[in-house]
Amino acid sequence: MSSPKIVDIRVLQAQRERELRLLRERIAYQRKQWEGSRQRLQEAINELADQADGQTVKTIKAAVQKIEQRFQSWPDDTDLEQLLRLSEAQFQFIEQETKEIKDQLTRELGDARQGRRSLQLAIADTASRLERAGLGAERDALLAAATAAALQIALDQLNAAAAEDSDGALVAATTALVGSIKTEKIDAMPTIDAAGERVERLLVQLELLGESSQIAGFAQRLENLALMVDASQRRLLTDSLALEIDAALNADRVEQNRQASLAELEAELLIYQAAPPALIEQLQRLQSQPQALITEVAAEVRNWCDTEARRQDGEQIRSLVLGSLRELGYDVREGMATAWAEGGQLMLQKPGSSDYGVELQDVNGRVRTQVVRFGDPATGTSKQQKQRDVEVEQQWCTAHSAVLKNLQDAGLEAKIMASRAIGELPLEVRALDSAVIADQRNAATSPAAPSQREMKGN
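Using the working numbering, the first residue of the sequence shown is number 848, and each one after it goes up by one.
In short, the hints are calculated from the structure, not lab data.
Small disclaimer: the values here were computed from a predicted structure and weren't measured.
Cβ atoms here follow ideal geometry from the backbone N, Cα and C, with glycine treated the same way.
Among the hints, a few may not be true.
[Unchecked claim] Once the Cα atoms are required to be at most 27 Å apart in a straight line, the calculated DSSO-like pairs of lysine-lysine come out as:
1. Lys905 to Lys1252
2. Lys1233 to Lys913
3. Lys1262 to Lys1197
4. Lys905 to Lys949
5. Lys908 to Lys879
6. Lys879 to Lys949
7. Lys1197 to Lys1252
8. Lys905 to Lys879
[To be verified] Derived CB-CB ranges, DEER-like:
9. Arg1158 to Ser1087: 53 to 61 Å
10. Phe918 to Leu1083: 40 to 48 Å
11. Arg1213 to Arg932: 44 to 52 Å
Given the sequences, and given the hints that come with them, work out the whole structure.
Put into structure tokens, the structure is as follows:
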């Protein structure tokens, strides 16, 4: 293989470190989110423990413990590919398990609250009937106790009063009431209407999400609805409350996702030590502005990160390439790496070989190299000159292979994208003054260093 050659070089170690830093930030954010979620789950579990059977609570607690164990047993980062694969599985497991726990708590706690509110509704209706029957003392006793046992006593008192008065209408109404709200049915299968059930579950979901400031207000309104005697008005207000809670829930989910996106962007910036303060400040401002759009800032952050990654990788690649060429005897001086970065290309020569040079160029993030000869482009090439050109190409081919090996040993991946066989194409001939110009350009960042021509005695 000979010049020109195009080599795609990837700084694997640097890329690995960036991926590891970002992954650690993601894990830390996930852990922080779980801490808040776990606290809300525990509060819900504690409430459920007073109202549900013990086995249900044990099952939910066991699921929470599984997530805890996953965080405690997170794999190390000795193998990036394995860590990425296992971490993705961990994230998916935690997300799925958390969702299932929340779904179960929503059902169980919603049903438990529904049963409690069924009792409240039954007590309110029974109290109203007691008052209409002239049983004020019995009504006060029921409201003071507000238990299933007190409700059963009140229903028995209503039945007794109806039988004593021989009031057929009251007996019929009381019998219907007893059949619909008897305590066994309240305990086993709450009878709140579908709208009330939906409100209960939506409110539990909102509490478990933990982002809304409206939870207390919604809960109070729901408590007030349980005491409302007018069933049609209660249904109307319940439907309205369900719509409001659903809207708040959707808004909080959107905001939670937005905050997660901001955290991801901040993590992407923080893996670089020289992250622009202006971008960090923009992200911090967005975090305190609910529902603010992040599309434009996200594009800025990712563009900067991509540019910075290429800059860092390019800096390391140029340093390693030039270091390898120095070891192979090429005239490499201080400041050449900067000159290459700023000018996009560099010309190197070996002492004693002033009529040949190796041109290094950046081509779309890849390194292009070719051997050139200095002379008169208008002069024909003799047989002897062609032979000499082939010999120099062969020398460069050997040096090029050595450079690639050094890069690979340093943890870089170097892949040849294009090359020509030795002698397949004639060398490009540059005017003699172009060597001087190139030499001056290469030395521009190191004025104190002698020029190549001076070092060669020319």
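Verification of the supplied hints:
no., hint, verdict
1, Lys905 to Lys1252, "violated, 60 Å"
2, Lys1233 to Lys913, "violated, 74 Å"
3, Lys1262 to Lys1197, "holds, 25 Å"
4, Lys905 to Lys949, "holds, 15 Å"
5, Lys908 to Lys879, "holds, 19 Å"
6, Lys879 to Lys949, "holds, 18 Å"
7, Lys1197 to Lys1252, "holds, 20 Å"
8, Lys905 to Lys879, "holds, 25 Å"
9, Arg1158 to Ser1087: 53 to 61 Å, "holds, 57 Å"
10, Phe918 to Leu1083: 40 to 48 Å, "holds, 46 Å"
11, Arg1213 to Arg932: 44 to 52 Å, "violated, 29 Å"
In the structure shown, a violation is registered for the earlier hints numbered 1, 2 and 11, in ascending order.
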